[in-house]
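Got chain A sorted already, so can you dock chains B and C onto it with the hints?
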Amino acid sequence: MHERLSFHIQRDSFLHRLNPLTKLVLTLALVIIAFTFPWYWTPHLLVIAAIIPLSLLGKVFREFSLTALRLILPAATFLFLMQAFFQPIGTDIIFKFYFLDVTTESMLFAFRNAMRIFVMVSSFTLFLLSTHPSELMSDLTRRGLPGQFAYVIISTLQIIPQMQAKAQTIISAQRSRGLDTESTFFKRAGSLVPLVGPLVFGSLVEVEERAIAIEARGFTSKHVKTSLHEIPDSTFDQSLRWVLFILIIASVGLNLWLS
Amino acid sequence: MAFVNLQNVTYKYPLTKEPVLQNINLQIQEGEFVSIIGQNGAGKSTLCYALAGFVPHFFKGEISGEIEVDGRKSSESTLDEWVLNVGLAFQNPFNQISGAKYTVFEELAFGLENIGVPRDEMKVRVEEAMTLTGIRDLADRSPYSLSGGQQQRVALTSILVMRPRLLVLDEPTSQMDPIGTREVFGVVRRMAEEGMTVVMVEHKVEWIANFADRVIALKEGQILMEGKPNEVLTSGLLVENHFGVSRYTSVAREAQQRGLWKKEKLPVTLDESVEGFRS
Amino acid sequence: MMNIEITNLCFTYPTGLEALKGISLTMNLGEQVAIVGQNGAGKTTLVRHFNGLLKPTSGSVSIGDWETTKQSVAKLASRVGYVFQNPDEQLFSRDVLTEVSFGPRNLGYAKGRVDELVQRALALTELADKTGTNPYDLSPTWRKMVALASIIAMDTPIVIFDEPTTGQDAVNVARIAHVIAELKKEGKTVITITHDIDFCAENFERVIALSKGQVLLDGPTREVLGQEEILAQTYVDPPQLTRLGKRLGLKEVVTRQEEFLKAIK
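Residue numbers (my numbering), protein chains in the order written: chain A, 1 to 259; chain B, 1 to 279; chain C, 1 to 265.
Same shape as in the complex, but just chain A:
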């Protein structure tokens, strides 16, 4: 059983060595620029010139391609088809599909939007592949993110698989009392209560105990927190973040100025 929900893969690469905040800023930059820069081919270029090279630099090309093929590409294609067929723009009809008219304009529109989505999901995927969640949270906490916020995110990632295991046990227990999960009657909403009820109530008990446990280990202490691991933040990281920041401003500014 997976002990935790994690997309992160441990590698030694340029991308992995970047500071987590830098990677976060990079991801946001790619998304914002893809959506705002006033040139049609922006997202397409970003995929070729940024996303793919980054996946190679991050040594996660294989995992990224698998996710791209299984998840991102089908989603983007679906979006493309929906927009191309169901959002008619313009008058230059290329072909008819039964009662649906497809115009050049709508195809171009859909193509760009699909690519924007592709950039967005891909950059977050790369981010998750190359960043350990606890490193990200440690770094953000160091910079001022409230400790409770970081705790909620990390503990959720670890506890969800445990809850899945618990849910499985609950289902087994209720089936053993004759709850029929194998026939169509199960689909009625009422059957969910015996499954969700114990999960929720049981979790409430656990949450209280865990709150006591972390309190017993100084979680609400007023001291300034220290960190076991040092997360490096090189001058390269800092400079890169400034450059990206400027690019974001430029992209948004240009967009506003031209519209």
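I should point out that these hints are in silico values taken from the structure, not numbers from a laboratory.
Everything hinted at is true.
Quick list of simulated restraints, FRET-style, between CB atoms: (1) 207(A) / 136(B): 28 to 34 Å; (2) 14(B) / 8(C): 56 to 62 Å; (3) 255(A) / 123(B): 48 to 54 Å; (4) 195(B) / 25(C): 50 to 56 Å; (5) 10(A) / 113(C): 58 to 64 Å; (6) 214(C) / 70(A): 39 to 45 Å; (7) 139(B) / 13(C): 26 to 32 Å; (8) 29(B) / 229(A): 37 to 43 Å; (9) 127(B) / 57(A): 33 to 39 Å; (10) 178(C) / 18(B): 26 to 32 Å.
A few chain B residues facing chain A, derived, Cβ under 7 Å: (11) 80; (12) 99; (13) 109; (14) 111; (15) 115.
Think about it this way: if two alpha-carbon atoms lie no more than 30 Å apart in a straight line, the pair counts; the simulated DSS-like pairs of lysine-lysine are: (16) 246(C) / 265(C); (17) 166(A) / 130(C); (18) 262(C) / 262(B); (19) 265(B) / 246(C); (20) 12(B) / 130(C).
The beta carbon of each residue, even a glycine, is placed where N, CA and C say it ideally should be.
Showing chains B and C alone in chain A's frame:
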């Protein structure tokens, strides 16, 4: 002045009618190992929470009387200060894992990060604690991949690393299998040998007899009886009040009535029984 | 006859873990059987085959004339009741009465019969005065009793208890022992997985010790629990009285108080 001093402590949880602790008076010396026994609902966990500060600071409710540990009063402290002095571990090891860390080493350091211990000192303290409790081989494992006994040992170590003056354990072996029980008792024994003051709630009477300095029997929020293990654990008062007794004790008691047990004192442990029946 | 027949049962989890490596045994109606052994020996894996939660990788399991691979878990629940270790993993109703009625209702019994069974189960578990209480307002001790009552009310010929005494105080252990004695009187098969070897010695006639997916020992309680060296292989200690008897050099293996007292005369 006793190291731990509870004076006339009465406590009622919010929205309940009856107080769970009634007029508790208890003194514990430094380095003592005190065991608490009683039925479920007698107030054992609440007593543990009172020693650890969670009653009343976490649970609110109504409290009267004074709780003092190491010269400090609970009523004059905040919970985040109090937990630095008193460590608390309880039954379910899974709920004691913070969920915030991916390896046992990091998990042990979690408490030290929270209280602002410098990085180098953190590493030293974690190493020391792991060596004391014998879990060095688990350092790089995910806490969620461990067995119940291993998780409970990690939970105990993560409290030890905070260097508390008093250690409160609420049924640490109740959910363990025999191997886990042995492992956890082993850690507790080592901590007691290091001179730690320990209060432990436990059902396993035979182990208490071998190891506790004093036993306190709790009934309906009050102290029914306290004293040396083989006085309390063989007392007829426990039987009258439906406490669990060691089978060695009950068989010897029955044997005594049939003239088969000649000694005056009843046994609690295997060795005591063997000795008694042989004579 | 409502016997459990296990023939050459092998089970491998999807992860590849070979949990059961060829188990064959029979449990006749009315037997009280305790299954012991270290964690990982296959105890839970074995009993989950009895109500169909797990289906054999090879070999077969039959409950009476039903082969478990040919029945749904819901159907097998009419013959095999399973009390899970943690009551919080099954309690969900707004009051004890509704909770205990859940099982028998699912089995499709007539209303009159459901009421009768529920009343009997509540009386047996001392919950008659708590029928209107929300299970989660009860202490863990009473929640355990509600879980027990919920399964007893299903009136199955076979009942399985998974670690019934873990974390319970002496009073509740006595209540649980009382419930098991009643089930025995009614001629039901009671199977338990337990680490509490003294509880096992005092309430069960047959002990099966599992180790590494296979049966290590299987026989009457006195025989099995006297084999200290073999039991040690699966980290099971003999009961307190058995150890005492051995140390005193008694010839027979004793497991219960009366036996011991007679033997030392």
